[in-house]
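Q: These are the residues of each chain, in order.
2 protein chains.
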Amino acid sequence: MRCRTCGSKAVINMPQHHLALCKEHYLEWLPAQTQRDIVKFKMFERSDRILVAVSGGKDSLALWDLLWQLGYQTEGLYINLGIDSGIAYSQRSGEFAQAFASDRGLKLITIDLVSNYRETLPQMAARTQRGRGKPCSVCGLVKRHIINHVSVQGNYSVLATGHNLDDEAAILLANTLDWSLEHLSRSQPVLQAAPGFARKVKPFCRIYERESAAYSILRGITFMPDECPYAFGSKQLYFKTHLNDWEGKMPGVKLRFYTNYLEALDAGAFPARQESIAKLGTQRCPSCGQPTTTGGQCAFCLLVNKS
Amino acid sequence: MRCRTCGSKAVINMPQHHLALCKEHYLEWLPAQTQRDIVKFKMFERSDRILVAVSGGKDSLALWDLLWQLGYQTEGLYINLGIDSGIAYSQRSGEFAQAFASDRGLKLITIDLVSNYRETLPQMAARTQRGRGKPCSVCGLVKRHIINHVSVQGNYSVLATGHNLDDEAAILLANTLDWSLEHLSRSQPVLQAAPGFARKVKPFCRIYERESAAYSILRGITFMPDECPYAFGSKQLYFKTHLNDWEGKMPGVKLRFYTNYLEALDAGAFPARQESIAKLGTQRCPSCGQPTTTGGQCAFCLLVNKS
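Heads up: the protein sequence lines correspond to chains X and P, in order.
The first sequence lines up with residues 954 to 1260 when you count with our numbering.
The second sequence lines up with residues 954 to 1260 when you count with our numbering.
Don't take each hint at face value.
Which copy is meant is left open, so a pair is good if it fits within one copy or across any two.
The list that follows gives simulated cross-link-like pairs (lysine to aspartate or glutamate, DMTMM-like), each with its CA atoms no further than 20 Å apart [stated by the list, open to error]:
id, residue 1, residue 2
1, LYS1202, ASP1131
2, LYS1188, ASP1198
3, LYS1087, ASP1037
4, LYS962, GLU981
5, LYS1193, GLU1180
6, LYS1193, ASP1131
7, LYS993, ASP1037
8, LYS962, ASP1065
Keep in mind that the hints were calculated from the coordinates and are not lab data.
The structure presented is a predicted model; accordingly, all values stated were derived computationally and were not measured.
All chains, full assembly: derive it from the sequences and hints.
A: Listed below in structure tokens is the structure:
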């Protein structure tokens, strides 16, 4: 397999794009692809201050590296959730994130759950109904709250996450099986800023997981190699397996699934269901000041104040 | 496993409904379920003359039997497509359909492709671009045309097909992966009559394939046991396999997928794209008189007149 650009030995073949590239040209191609989507979906500009939520894994560090390479103003946020499971998962992940930032002279904000809220995520989750069995739902709530808090307090105009195409396609498939119109109207590359919320963007939304992994490896980024110990057996991983199966038989199916969904949204499928977002602008949690739909304490404050 | 109604030995367990039933109560339950959907989706009434399209397989014969049991006015239509593939597929299928009708004193109309159009389906398909490799697309075109012709000529108010939930969910999944709004707005249990078209209904749209198969077997219906030789390797069978995999892990997922889709349609997703149907009312094929979108000969007449 030869690089389409220069004819030297290719390091990656992407049947979905009918494209093979050598290391040099792959490391040009992926940032160019990402930049195209940043412009296409009007994610941000040079003047924006971007907070990149990093987990220490391949996707978020690849994204931060790439945005830094492209010359955007970025700072990182790492949340230490206190997940251990015998592999010191959170601690090691944080070390990868910190080493990455230090190597590049970039600023990383670290929020430690135990220091701030006296409990690890699994401890918080164990106290709740929604956290029984698996803490993933509580984890989402906690991360959303903290990321939002930091992005608003720090006056970042944009919050970027490393969700890749495989993530988005798996979530889209799960939401489609439920035909949840609320979720289907919101699974977009950009969620616009609202009072109390920074704009949320996913620059890798059309980048395959193996493409961002290849970028990390070829750029020499050292990242946390393990999946979160709670991810095993999750619905998302399950659907990813099926999507990978389809991709093997029908190259490009993941990209078409997601891209055609975005076109369907533009064409008026799922007329916007913005009621809850509109509500969010008017009511604040009396405890933390973040927007809430209930008028009372937000779900995060209810969680941490119950201990 | 015991029958929920009478406590005797169950012959079928349906985890998706948390229900096990004996033969007697299953043969009451399935018609009652189907009748509920006939009413819910306003498919037809006692006064309607219903043409049931039968293939000789388990679904269409189960449907015809069940509608006959329920006291509806039904006649059958079998199209002999001349598919052989060494197993005399069409001939044998037709014999099952004819035996079924004769046993019950029901009228079966048989249309023979070779007698009427001088060619078998595989011969027709081999002459066309869309039939290269597999004749399935041409088969759909031919069957739609003939079914439509017979239903209009015979003044049937309703055309019923044996599509079951597994068929509908697999088609829905394929259409969703493409986000084809035209198809997504039309995958409904009822397509209303339009000038030149009878109302089309799918009374088994929420009946699992194994439920209709069990009905056929328990009612002693003898049906064509083989799949169409061209079905192997089709996308629809491929997606059925995945849906069955999901169903095993998440009982009821097929039914929720399809039912929630119908609710999403009702809630305004996929605003109706009726342009092509509206057009159909105004233009007729000069050769056969059936509605067409092009103004010229319809696709069927182009196909058969080209030989």
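Q: Now look at each hint and say whether the structure bears it out.
A: Status of the hints after comparison with the structure:
1. Within a single copy, LYS1202 and ASP1131 get their C-alpha atoms only as close as 25 Å, which misses the 20 Å cut-off; across copies the closest is 15 Å, which meets it.
2. With identical chains, the CA atoms of LYS1188 and ASP1198 are at most 20 Å apart both within one copy (16 Å) and between copies (13 Å).
3. Taking identical chains as interchangeable, the C-alpha atoms of LYS1087 and ASP1037 lie at most 20 Å apart only when both belong to the same chain, with a minimum of 14 Å there against 54 Å between chains.
4. For a Cα distance limit of 20 Å, the shortest separation of LYS962 from GLU981 inside one copy, 16 Å, qualifies, whereas the shortest one across copies, 67 Å, does not.
5. For the identical chains of this complex, LYS1193 and GLU1180 are intra-copy neighbours only, at 14 Å inside a copy versus 30 Å across copies, given an alpha-carbon limit of 20 Å.
6. For a Cα distance limit of 20 Å, the shortest separation of LYS1193 from ASP1131 qualifies both inside one copy, at 17 Å, and across copies, at 17 Å.
7. With identical chains, the CA atoms of LYS993 and ASP1037 are never at most 20 Å apart, being 40 Å at best within one copy and 53 Å at best between copies.
8. For the homomeric pair LYS962 and ASP1065, neither the shortest alpha-carbon distance inside one copy (45 Å) nor that between copies (59 Å) is at most 20 Å.
Checked against the numbered hints given earlier, the structure breaks hints 7 and 8 and satisfies all the rest.
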